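Construct the complete structure from the given sequences, taking the supplied hints into account.
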Amino acid sequence: RKEVEQDPGPFNVPEGATVAFNCTYSNSASQSFFWYRQDCRKEPKLLMSVYSSGNEDGRFTAQLNRASQYISLLIRDSKLSDSATYLCVVNIEGGKLIFGQGTELSVKP
Amino acid sequence: GAVVSQHPSWVICKSGTSVKIECRSLDFQATTMFWYRQFPKQSLMLMATSNEGSKATYEQGVEKDKFLINHASLTLSTLTVTSAHPEDSSFYICSASNSLNTEAFFGQGTRLTVV
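Residue numbers (the working numbering), protein chains in the order written: chain C, 13 to 121; chain U, 229 to 343.
Derived by calculation from the structure, the hints in this document are not laboratory data. Everything numeric in this text was worked out from a predicted model, so none of it was measured. Beta carbons: idealized from backbone N, C-alpha and C, even for Gly. Incorrect hints may have been included.
[As the list claims (entries may be wrong)] In the DSS-like style, the derived pairs of lysine-lysine whose C-alpha atoms are separated by at most 27 Å in a straight line are: (1) C:K108 - C:K57; (2) C:K91 - C:K120; (3) U:K294 - U:K248; (4) C:K108 - U:K269; (5) C:K14 - U:K269; (6) C:K14 - C:K57; (7) C:K14 - C:K108; (8) U:K242 - U:K269; (9) U:K269 - C:K57; (10) C:K54 - U:K242; (11) U:K269 - C:K120; (12) C:K108 - U:K248; (13) U:K248 - C:K57; (14) U:K294 - C:K54; (15) C:K91 - C:K14; (16) U:K269 - U:K292; (17) U:K283 - U:K294; (18) C:K91 - C:K57; (19) C:K91 - U:K269; (20) C:K54 - U:K269; (21) U:K294 - C:K14; (22) C:K54 - C:K14; (23) C:K54 - U:K248; (24) U:K283 - C:K108; (25) U:K292 - C:K54; (26) U:K294 - U:K242; (27) U:K292 - C:K14; (28) C:K57 - C:K120; (29) U:K292 - U:K248; (30) C:K91 - C:K54; (31) U:K242 - C:K108; (32) C:K108 - U:K294; (33) U:K248 - U:K283.
[Claimed, not checked] Chain U stretches covered by chain C per the calculated footprint, using a threshold of three residues with CB under 8 Å from any CB of chain C: (34) 235 to 248; (35) 293 to 304; (36) 316 to 325.
Laid out in structure tokens, this is it:
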């Protein structure tokens with residue numbers, strides 16, 4: 013079993029759609045959780061951290077359920093510029109990050 | 229946010245040669261840096277953890293004699309791919325954490341092509 017598993021992609025959605033990504037992790041001692049965005053042939057960039065209380069940043073909402081070891085990302089009102097690969101990332105310890113395989117999102121006009 | 233600089237951004241080398249990739253934290257001291265590799269259409273895979281002043285810790289399946297890591301200072305870690313082969317062609321990327329470990333900062337990545 014992979015340490016971090018994500019929805020298989022790609023997700024093809026029209027502009028304005030709401031899209032949800034799911035992720036599960038296996039290490040119950042994981043310390044912190046993130047969603048990163050990676051554009052083609054570029055380095056990953058932090059989209060947002062994920063907290064148990066849930067957090068929202070504009071059109072993006074992230075949620076963490078430690079009991080079920082589940083992380084989610086919701087994108088509302090999708091824009092063309094949201095097209096990218098979204099990576100679920102878990103910090104095992106001391107900055108050591110384990111990446112999910114990524115879910116590709118393609119937003120169409 | 230903090231800045232991590234990686235150099236070179238791309239390199240083409242002949243099979244059998246060695247390639248050195250540098251990763252520098254420009255505005256903070258990074259006691260630990262991480263090296264990842266990403267093949268096309270795949271996610272980033274952790275190769276090794278680089279600790280300043282000590283030997284790197286390699287992930288299972290990563291050959292330590294082939295991927296030499298040196299972390300001689302708090303702002304510089306290097307990865308040397310020795311005797312490179314075409315199957316080593318990949319996107320190599322480093323990251324560094326600040327002392328709070330609240331976020332990892334990535335270098336721009338190095339695209340290695342071995343011909």
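Notebook entry, point to check: Taking each numbered hint in turn, which are not upheld by the structure, reported in ascending numerical order?
Noted result: Violated hints (numbers, rising): 15, 31, 34, 35; every other hint is consistent with the structure.
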